[in-house]
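Spelled out, the chains give:
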Amino acid sequence: MDIRPSIRKGNSAGLVTTTAGNDLIHTLSVNRSGVIRSAIIRKILVFNNTGGNVTIQFGTRDASAVPLFVQYLPDLLALNGLENTWSEDVIPAVEFGFVDRLTINGREGNIYALASAANVLISVEVEEFGI
Amino acid sequence: MLFVDNLYSQGPIAPICQIMEHLAIWTENRWVGFQTEFIEPVPRSSNFTVDLIATTGVGFLAPNATIAGQLLAIIQSNANELVHFRWYVLDDIEGQIWQLSNMSRFTPRGGQAGVTLFTPVYDPWLATTTFWVVGGQGDKDARIGCTNISGANIGQARIGFFGYRYILKPEPMIHANARYLPAQGR
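As you go down the protein sequences, you meet chains D and W in turn.
With the first sequence counted from 1, adding 273 to any position gets you our numbering.
With the second sequence counted from 1, adding 991 to any position gets you our numbering.
In case anyone wonders, no lab produced these hints; they're calculated from the structure.
Don't take each hint at face value.
[As the list claims (entries may be wrong)] Beta-carbon label-pair distances, calculated as ranges: (1) D:Asp362 to W:Ala1118: 32 to 38 angstroms; (2) W:Leu1081 to D:Asn378: 37 to 43 angstroms; (3) W:Leu1062 to D:Ala338: 46 to 52 angstroms; (4) D:Leu352 to W:Ala1118: 47 to 53 angstroms; (5) D:Thr358 to W:Tyr1113: 30 to 36 angstroms.
[Said to hold, decoys possible] Computed far set for chain W versus chain D, every beta-carbon distance over 10 angstroms: (6) Met1011; (7) Asn1020; (8) Gly1024; (9) Asn1038; (10) Thr1047; (11) Ile1058; (12) Ser1095; (13) Val1124; (14) Gly1127; (15) Gln1147; (16) Pro1163; (17) Ile1165; (18) His1166; (19) Arg1177.
All C-beta atoms in this analysis are idealised placements derived from N, C-alpha and C, irrespective of residue type, glycine included.
Sequences are here, hints too, so could you generate the full structure?
In structure tokens, the structure reads:
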């Protein structure tokens, strides 16, 4: 038995169309006692039909008064006219999780994408850890 | 190896007794004696799966929103019958059970435990979800509710049940060889 049980699920926001700003991809689950699961991105599917290549960053937001994007994964280049796919064989197991937000180093944990252009379609599969 | 045939032992669900054997059932705050006249299985099936969102007509369930305990016909039993169920959830919810006038079940001092998608990870036979409902006079039914713990709006909150149905004959006294089981919290 895995000491850290997990479930796989599609991203909570469903099919996301980028806005070239912070786009919420997945909201972490919260259990009845307020404990928040963590998640690792296992698959990314991006369709780019914008007319040019688009850079996409995945990360979360910090505890600033106006939350700022914090990049967690290296930039991914979504080639124009292609469905761009990344799966767990190439995605490092970077864990998105809540970090106490009393300080500026706090992290929301929810997964966001920041694309260099609007109108790119994104779907993600995550593996969530918790209960 | 010593094998303790406990009510909640790990392993596939099995009848708690044989036909014509005796039971003592904790219900309405007392032990009541019965003899078992008939047993039949209730396998996992479509009509023993319920969608609490559809049942209650709420349309969707927001994150952390709850559906209060629902009196579900599929887990009710006729007078002098017993149902013996295990249960599971199909969506990212936490199901909870109440029994006998909304007494919360699976409830130590720390709070009411529930059943989630993770439950079968640790408990593949769902033995820790076992409950019984005995039919008859009074409010002996179980109620099932849930909380959306997915972090997102969900359109379905599905819960399934499987187990056994027993037909019982009341006995004026608890038989010396009766098997004791709880059909109520305490």
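The hints, checked one at a time:
1. D:Asp362 to W:Ala1118: 32 to 38 angstroms: holds (37 angstroms)
2. W:Leu1081 to D:Asn378: 37 to 43 angstroms: Given a distance of about 38 angstroms, which is inside 37 to 43 angstroms, the answer is holds.
3. W:Leu1062 to D:Ala338: 46 to 52 angstroms: This hint holds: roughly 48 angstroms between Cβ atoms.
4. D:Leu352 to W:Ala1118: 47 to 53 angstroms: Distance hint for Leu352 of chain D, Ala1118 of chain W holds at roughly 51 angstroms.
5. D:Thr358 to W:Tyr1113: 30 to 36 angstroms: Holds - the Cβ-Cβ distance for Thr358 of chain D and Tyr1113 of chain W, about 33 angstroms, lies within 30 to 36 angstroms.
6. Met1011: At roughly 39 angstroms from the nearest Cβ of chain D, Met1011 of chain W sits farther out than 10 angstroms, so the non-interface label holds.
7. Asn1020: Asn1020 of chain W clear of chain D: closest Cβ-Cβ about 28 angstroms, beyond 10 angstroms.
8. Gly1024: Fine: 38 angstroms to the nearest Cβ keeps Gly1024 of chain W off the interface.
9. Asn1038: holds (26 angstroms)
10. Thr1047: Since the minimum Cβ distance to chain D is about 19 angstroms, Thr1047 of chain W lies beyond 10 angstroms and the statement holds.
11. Ile1058: holds (13 angstroms)
12. Ser1095: The assertion about Ser1095 of chain W holds, with a minimum of 13 angstroms to chain D.
13. Val1124: Correct as stated: the minimum Cβ-Cβ distance to chain D is 24 angstroms, above 10 angstroms.
14. Gly1127: The assertion about Gly1127 of chain W holds, with a minimum of 33 angstroms to chain D.
15. Gln1147: holds (13 angstroms)
16. Pro1163: Answer for Pro1163 of chain W: holds, closest chain D Cβ roughly 44 angstroms.
17. Ile1165: holds (38 angstroms)
18. His1166: holds (40 angstroms)
19. Arg1177: Non-interface label on Arg1177 of chain W holds, nearest chain D Cβ at 22 angstroms vs cutoff 10 angstroms.
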